[in-house]
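A.B. asks: Join these two chains into a complex; the hints should help.
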Amino acid sequence: KAGVTQTPRYLIKTRGQQVTLSCSPISGHRSVSWYQQTPGQGLQFLFEYFSETQRNKGNFPGRFSGRQFSNSRSEMNVSTLELGDSALYLCASSFARLSDTGELFFGEGSRLTVL
Amino acid sequence: EDKVVQSPLSLVVHEGDTVTLNCSYEVTNFRSLLWYKQEKKAPTFLFMLTSSGIEKKSGRLSSILDKKELFSILNITATQTGDSAVYLCAVYTGTASKLTFGTGTRLQVTL
Numbered sequence: 001k002a003g004v005t006q007t008p009r010y011l012i013k014t015r016g017q018q019v020t021l022s023c024s025p026i027s028g029h030r031s032v033s034w035y036q037q038t039p040g041q042g043l044q045f046l047f048e049y050f051s052e053t054q055r056n057k058g059n060f061p062g063r064f065s066g067r068q069f070s071n072s073r074s075e076m077n078v079s080t081l082e083l084g085d086s087a088l089y090l091c092a093s094s095f096a097r098l099s100d101t102g103e104l105f106f107g108e109g110s111r112l113t114v115l
Numbered sequence: 116e117d118k119v120v121q122s123p124l125s126l127v128v129h130e131g132d133t134v135t136l137n138c139s140y141e142v143t144n145f146r147s148l149l150w151y152k153q154e155k156k157a158p159t160f161l162f163m164l165t166s167s168g169i170e171k172k173s174g175r176l177s178s179i180l181d182k183k184e185l186f187s188i189l190n191i192t193a194t195q196t197g198d199s200a201v202y203l204c205a206v207y208t209g210t211a212s213k214l215t216f217g218t219g220t221r222l223q224v225t226l
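From first to last, the protein sequence lines stand for chains A and B. Heads up: the first sequence is residues 1 to 115, going by our numbering. Heads up: the second sequence is residues 116 to 226, going by our numbering.
Here chain B stands alone, though its shape is the one from the complex (with noise of 0.2 Å):
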């Protein structure tokens, strides 16, 4: 059965710190590594790492993935309050044409 585990499960930070969410998995025909951001509802998508050791940016935030030790991590540095919100990991794997999410890393950031 494919399994994605999340670490933390939760942190509270400062705002300013930098922080890593650790996401490892075990699945059948990987596909893809995603990671989404929930803060009330609707999870909103951050990246997708397909191949290894390629760094994805976007402003504060990078993610890396190791497909030889399956796992990925998702950087977020100078933590603002607005970053606070759960952070979700999921793969995609062909076979089963679904994705198979974490259970999610809850980051607070406070002043």
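One chain only, chain A, in its complex shape (with noise of 0.2 Å):
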């Protein structure tokens, strides 16, 4: 079956404008997270949606957000960019919350290039 699918993969956006990325996780899953990825600081938990609601939110300011929608797939949002926020995003899905397993599926994520 098919993977974690994220669009668009890569872009590049100036300081002040707002970008929406886009996660559709494997079929029958229903709990969607994202990730940021920078060298710094490895990946960091940003949100978890399951079944629409935000269930969880990271240590990120207002400006980033996200939703799910009824088929599961999800949307992040960053508004006014800064240069910080360049980074690699990355959605992974998994069945429900996360189980005892806390397995995660990964999408190949989008990078992000703010200048």
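Hints were generated in silico from the structure; no laboratory data involved. Just to be clear, a hint being listed does not mean it is correct.
[Claimed, not checked] Which chain A residues face chain B? A few, computed with CB under 10 Å, are given here:
hint, residue
1, L11
2, I12
3, T14
4, F45
5, N56
6, G107
[What the hints assert, rightly or not] List time: in silico DSSO-like cross-link candidates among lysine-lysine, alpha-carbon distance up to 27 Å:
hint, chain 1, residue 1, chain 2, residue 2
7, B, K182, A, K13
8, A, K13, B, K118
9, B, K118, B, K171
10, B, K172, B, K118
11, B, K156, B, K118
12, A, K57, B, K152
13, A, K57, B, K118
14, B, K156, B, K183
15, B, K183, B, K172
16, B, K171, B, K182
17, B, K171, B, K156
18, B, K171, B, K155
19, B, K156, A, K57
20, B, K152, B, K171
21, B, K183, B, K118
Everything numeric in this text was worked out from a predicted model, so none of it was measured. Where a beta carbon is used, it is the ideal one built from N, C-alpha and C, also for glycine.
C.D. replies: Okay, structure coming up:
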């Protein structure tokens, strides 16, 4: 079955703009999590959505937001972009809320560059 | 605040060598520890460990967890160039329902 699909794969924005990233989870998976990956900080948790509700949020400013649709697809939005937002944004899905397995299936990410 | 620390940050070995990667953690409500391999973009799942002292094996890779000392190791024997990647350790905590990742160990295997 198809894996986690993220679009766009690459994008370049300028400071002050906003961006929307999309994630389609594995069919049947209801939980979608977002992570930001930078060379210095590694993977940092942004938020988790399950059944269209945000269940958990990481320590990021309010400029970072997301949502999940009834088909489990998710989007994340970053407004008023800053240079420090340049990163690889990874989406991951799991069947239920992170279960006892804690296993996530990752997409290939959207690489955002802010100039 | 939950913390996961990996060491070394990077290492270069020759093909055929054996390597040991380390992961220590300080978290509340530990549920499981996971290892991922990230070659280019998407991290891929390697192991999940929940119980101390039980080794998980997959081919040349193996991992074990010590819940008393709060660490895990990932061993790779007879390394190959295809093992070159960043290896990520993550801890799942039931309270926050999220994975806390270490910054990773970058492994380069040379001929």
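A.B. asks: Hint by hint, say whether it matches the structure.
C.D. replies: Evaluation of the provided hints:
{"no.": "1", "hint": "L11", "in the structure": "15 Å, violated"}
{"no.": "2", "hint": "I12", "in the structure": "17 Å, violated"}
{"no.": "3", "hint": "T14", "in the structure": "24 Å, violated"}
{"no.": "4", "hint": "F45", "in the structure": "5 Å, holds"}
{"no.": "5", "hint": "N56", "in the structure": "5 Å, holds"}
{"no.": "6", "hint": "G107", "in the structure": "6 Å, holds"}
{"no.": "7", "hint": "B/K182 with A/K13", "in the structure": "44 Å, violated"}
{"no.": "8", "hint": "A/K13 with B/K118", "in the structure": "32 Å, violated"}
{"no.": "9", "hint": "B/K118 with B/K171", "in the structure": "23 Å, holds"}
{"no.": "10", "hint": "B/K172 with B/K118", "in the structure": "26 Å, holds"}
{"no.": "11", "hint": "B/K156 with B/K118", "in the structure": "23 Å, holds"}
{"no.": "12", "hint": "A/K57 with B/K152", "in the structure": "25 Å, holds"}
{"no.": "13", "hint": "A/K57 with B/K118", "in the structure": "17 Å, holds"}
{"no.": "14", "hint": "B/K156 with B/K183", "in the structure": "33 Å, violated"}
{"no.": "15", "hint": "B/K183 with B/K172", "in the structure": "21 Å, holds"}
{"no.": "16", "hint": "B/K171 with B/K182", "in the structure": "15 Å, holds"}
{"no.": "17", "hint": "B/K171 with B/K156", "in the structure": "25 Å, holds"}
{"no.": "18", "hint": "B/K171 with B/K155", "in the structure": "25 Å, holds"}
{"no.": "19", "hint": "B/K156 with A/K57", "in the structure": "23 Å, holds"}
{"no.": "20", "hint": "B/K152 with B/K171", "in the structure": "15 Å, holds"}
{"no.": "21", "hint": "B/K183 with B/K118", "in the structure": "16 Å, holds"}
Hint check: violations occur at hints 1, 2, 3, 7, 8 and 14; the rest are consistent with the structure.
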